[in-house]
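**Q** Kindly generate the complete structure, drawing on both the sequences and the hints.
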Amino acid sequence: VSHTCLLVLLGLKMCFVTSSDCIFSNDSGKGLRKEGDIILGGLFPVHFGIGEKEESFTSTPALPGCTNFYIGGLQWVMGMVFAVNEINENSSLLPLTTLGYAIYDTCFNMPKTMEASLQFMKIDSLDSKICTHPVIVGTYGSTLAMMMARLFGLYSIPQVSYDSSCKCLSDKSQFPSFVRTLPNTKNQATALAYLVQHFSWLYVGAIAVNDDYGRPAVAQFVEETEKNGVCIAFHEILPQVKDPELLKYNLTGKAWLASDGWIISEGTMGFTFHQGKIEGLEDFFINIRPGNDNVLNPFLNELWEKTFDCTWNTLKSHLNLCTGNENILTVNSPFTEVSQFKSPYTTYLAVYSIAYGLHDLQSCQPGQGPFWNNSCTNISNFQPWQVTQNNGNLMYFDKNGDPPAKYDLLNWQVVDGEAQFIQVGYYDSIPPFKSNFYADYLSTIWFGYCLVPISICSDPCAPGTRKLARVGQPFCCFDCILCNKGEYSNTTNSQDCFRCQKRFGSSSQRDYCIPLPEEFLAFSDPMAVPLFALSVLGIVFTLVIMVTLVCSQKQTNDNIWIYGVLLIGCVCLVFQLLDICWKANECNPLMEIRKFFNQNTVIYLFVTPQLIFDVLWALLGFSHISYNTNDRPGNIILECVDSSIAWSICALAYLVILFIICCSLASKAQCYLPSVGEPRFITFYMYFCILVTVAFIPAYITTQGKFAVATEIFTIILINYGLLVSIFVPKPREREKERERERTREREKERERERTRTREHKGTMSPSTEQSIQKTS
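Sequence positions in the sequence shown follow mature numbering (1 follows the signal peptide of the UniProt record, and there is no 0) and run -19 to -1, 1 to 758.
Because the hints were derived from the structure by calculation, they are not lab data. Each residue gets a CB set at the ideal place from its N, CA and C atoms; glycine is no exception. Each hint should be verified, as a subset may be incorrect.
Unchecked claim - Here are the in silico distance ranges between beta carbons for each label pair:
hint : residue 1 : residue 2 : range
1    : F215      : N71       : 44 to 54 Å
2    : F265      : P385      : 20 to 30 Å
3    : S625      : E693      : 17 to 27 Å
4    : N313      : W237      : 49 to 59 Å
5    : E693      : R661      : 26 to 36 Å
**A** Structure below.
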């Protein structure tokens, strides 16, 4: 150990004295004491628990003795003893100065710890001098260490703890004279957070014991993991009281990440302080014997009785007597298993840190010292704040009195029926050249398998969905909601869905956008085939009627407007009606119209406004294609939209005016010409148009896209067919009747002429001749 960090000691001015100045008693019960120039204090839990004692009120009150011998605590004691002996044998470290120790048993008990601590602060009755040890090594556990640190801090007694890792002990305002060789729990919590992130766990629970070690540690772990995007399923602080009911829950199949205090179940993984190899320590443990060193006998005798089931008391005849020559290697004793424990090594580091600090004080050259005016101090009379810091490779303290954190990642495995701790990784808070964390997947065993467990609350949301947090649950618990139509998300765990661009829609999986299908009534559409067929049939039918009328030999004087009806449509119904009106006799009041208008003039009068309007509509009212995506989501309906609705309103208004005029004239014509059938046909056609229109309006409103266009086309075709059937289909029969009436009139005229000729002939004949003709007739 060529380079170490010196101990940082802070506090008020206080002198320590050598063992010859004060005499320390051993009132606290069992303990170990070795004289030296400088006496180091030690507090270790060699037992756990104290016995019961009834007060007699006849003697001085005292705490009962300790019970339940703890071999692990004795290992820590022997680590300090071994370090002191090794330093005293090293001539290059603290030459001409020997170290001694005064070690007391704390029994894992608060009153016993306080009693032992007070042994290090005695007031000499002669000169009221406070006799203290220069440095105290101890104690075990953060809770007890905090209590002792407050007490020692009052007198600026340096305290080096070998097993206290609470984050709170780094506060120098409360614990100015406290340092430790075990890293701060903050580093272990950071290491556990690294481990969680390394295995991609996103949903973890955190539990801790309700003490000064567990509460800050779990709070630090929760903070570190949440920074990395991990959510905490639960965060519980458990009482220190054991509850047998909890064992009945039999929580198996869980991956446990534990601190170094309880990584004891199969498949458990956790960090423990890095174990440096101490040369000769294992041989020291093996070769130690009771009686070889009377200083160690108080603890070694009890170790011997527990290990070999013997006794040193000759009065107990039912047990074998202990001789001290028993070989500890012949039994399976945990005392010699030093590789699985951290405290012998941390105790060893604590003693050496003190020794190197004192050595630097002893080696100080006047005028080159680290203190005021570059002064040095006498090792026999130094102030506790006069021990400075010197960074080294093996051990050093930071400004808070904490050592660097270096952990081994251990996995509890069963190998050949025997439980073993297998190192599968490490964590180093200050890496020199490489990453400060490593974990081996292949060497880790989880519940007897090598497969890394998965820890998530909700599966990742695939593209095409968005995350929706569950109310009252951690942020990593969410539901995956499918994006709406027209929206997409193309990343995993997307928070939102995004609208597709215009004329684009989302795919079936909602993970990308695709061009929307355009919907219009094309010639290839199956719906267009019957409409097209009806249109062609109507055109053929119209042409047949037109040819029939053209080829007719005898026509009435209405041929001109009939051709217009066939070409224009509904507007020419007025012309048909006017022609009917002109056929009326002189008693018809409408005959007065002919005084001002002839037939062609009326045709031009009604057709010209519509022709002008149509031309203006075509030139000024440009139509354009509208992409309608609202009526049928997921489709683009191509619509022909006018530049202004005024054009359509005007066209409909004009048709309504013609319709009203037509209905009015048809009613009057039917009144004045009851024998003529055409007014009845026109009236029937008007009613037919009304019925078709009434049926068309709701059908058109309730349909969209090509279905609305087909409804409109079918309505127009139906109206045109109604026109042909109502007006032109009866016309051949009407023409036949007209021709029959014409022939009848011709016959009547012929008879009339015959009778006229007969009368004229009778006027020139003799009476005898006339009688002869009559007889012949």
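**Q** Now tell me, hint by hint, if it's right for this structure.
**A** Each hint tested on the structure:
1. Look at F215 against N71: about 52 Å separates their beta carbons, and that is inside 44 to 54 Å.
2. A hinted range of 20 to 30 Å for the beta carbons of F265 and P385 is consistent with their spacing of about 27 Å.
3. Against the hinted window of 17 to 27 Å, the Cβ-Cβ separation of S625 and E693 comes to about 20 Å, which satisfies the hint.
4. As the Cβ distance of N313 to W237 is approximately 27 Å, the hint placing it in 49 to 59 Å is violated.
5. For E693 and R661, the hinted distance range of 26 to 36 Å is satisfied, since their beta carbons lie about 29 Å from each other.
In the structure shown, a violation is registered for the earlier hint numbered 4 alone.
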